[in-house]
Amino acid sequence: EDKVVQSPLSLVVHEGDTVTLNCSYEVTNFRSLLWYKQEKKAPTFLFMLTSSGIEKKSGRLSSILDKKELFSILNITATQTGDSAVYLCAVRVNTGKLIFGQGTTLQVKP
Amino acid sequence: SAVISQKPSRDICQRGTSLTIQCQVDSQVTMMFWYRQQPGQSLTLIATANQGSEATYESGFVIDKFPISRPNLTFSTLTVSNMSPEDSSIYLCSVDLQKNTEAFFGQGTRLTVV
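Chains A and B are the protein sequences, given in the same order. In terms of my numbering, the first sequence opens at residue 1 and continues consecutively. In terms of my numbering, the second sequence opens at residue 1001 and continues consecutively.
Check before you lean on any hint, since a few could be wrong.
To be verified - Ranges of calculated distance between the beta carbons of each label pair, as one might list FRET restraints:
id : chain 1 : residue 1 : chain 2 : residue 2 : range
1  : A       : Gly53     : B       : Gly1052   : 37 to 43 Å
2  : A       : Thr77     : B       : Leu1097   : 28 to 34 Å
3  : B       : Leu1097   : A       : Lys3      : 43 to 49 Å
4  : B       : Gln1051   : A       : Asn29     : 18 to 24 Å
To be verified - Under the rule of at most 30 Å between Cα atoms (straight-line distance), these lysine-lysine pairs were calculated in the DSS-like manner:
id : chain 1 : residue 1 : chain 2 : residue 2
5  : A       : Lys56     : A       : Lys37
6  : A       : Lys68     : A       : Lys56
7  : A       : Lys40     : B       : Lys1007
8  : A       : Lys67     : A       : Lys37
9  : B       : Lys1065   : A       : Lys57
10 : A       : Lys109    : A       : Lys67
11 : B       : Lys1065   : A       : Lys109
12 : B       : Lys1065   : A       : Lys41
13 : A       : Lys68     : A       : Lys40
14 : A       : Lys57     : A       : Lys40
15 : B       : Lys1065   : A       : Lys40
16 : A       : Lys3      : A       : Lys37
17 : B       : Lys1007   : A       : Lys41
What the hints contain is simulated information worked out from the structure, not anything from laboratory work. For every residue, glycine included, the Cβ atom is placed at its ideal position computed from N, Cα and C.
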């Protein structure tokens, strides 16, 4: 059965800290791995990763994929209170559907 | 990118009734999906809405409970039938513009069944 596992499930940090969120997966017919940020209802897109070892970066956020070890990490540096959200990792398989992990709830305290 | 309009944004419904959620996309898309997010849980795929044919349902979801329509390449509806409090969730539609692009989500529908 396809599955995506995120860790930790929740995290509390202070502003300025750096955090690393983990996502491991076991799926057949992997196509890509995506990271989303969810604050209210709709997830907002962060990154899509298809190739191993190539870091994607956007401001203070970065992510990388290891297709050999079947995991990805999402790094957030110099965290701000606005980073508080649920971070979702999803793997897209060949049918196009997304398989989501449980999410990591990040709380950044002032 | 794609702009997705999902309605209603939220609703409170009586048990035993049905609610239809609409998803309108501003461009033609091949793949449309419906997800459910129960309280405190992650997103789970309900079904893939196929244009011109019956939807493809995931394990644990059936057409009688979640009928889906896809009359054209820009529009789909999901009905939650004979609702019970366990159906209280956020329902999200999602589209893929092309293979290997990000998935775009509608704003979501927060359903509470009382």
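Verification of the supplied hints:
| no. | hint | in the structure |
| --- | --- | --- |
| 1 | A:Gly53 / B:Gly1052: 37 to 43 Å | holds, 41 Å |
| 2 | A:Thr77 / B:Leu1097: 28 to 34 Å | holds, 31 Å |
| 3 | B:Leu1097 / A:Lys3: 43 to 49 Å | violated, 27 Å |
| 4 | B:Gln1051 / A:Asn29: 18 to 24 Å | holds, 23 Å |
| 5 | A:Lys56 / A:Lys37 | holds, 15 Å |
| 6 | A:Lys68 / A:Lys56 | holds, 18 Å |
| 7 | A:Lys40 / B:Lys1007 | holds, 16 Å |
| 8 | A:Lys67 / A:Lys37 | holds, 22 Å |
| 9 | B:Lys1065 / A:Lys57 | violated, 42 Å |
| 10 | A:Lys109 / A:Lys67 | violated, 34 Å |
| 11 | B:Lys1065 / A:Lys109 | violated, 42 Å |
| 12 | B:Lys1065 / A:Lys41 | holds, 23 Å |
| 13 | A:Lys68 / A:Lys40 | violated, 34 Å |
| 14 | A:Lys57 / A:Lys40 | holds, 24 Å |
| 15 | B:Lys1065 / A:Lys40 | holds, 26 Å |
| 16 | A:Lys3 / A:Lys37 | holds, 19 Å |
| 17 | B:Lys1007 / A:Lys41 | holds, 13 Å |
Checked against the numbered hints above, the structure breaks hints 3, 9, 10, 11 and 13 and satisfies the rest.
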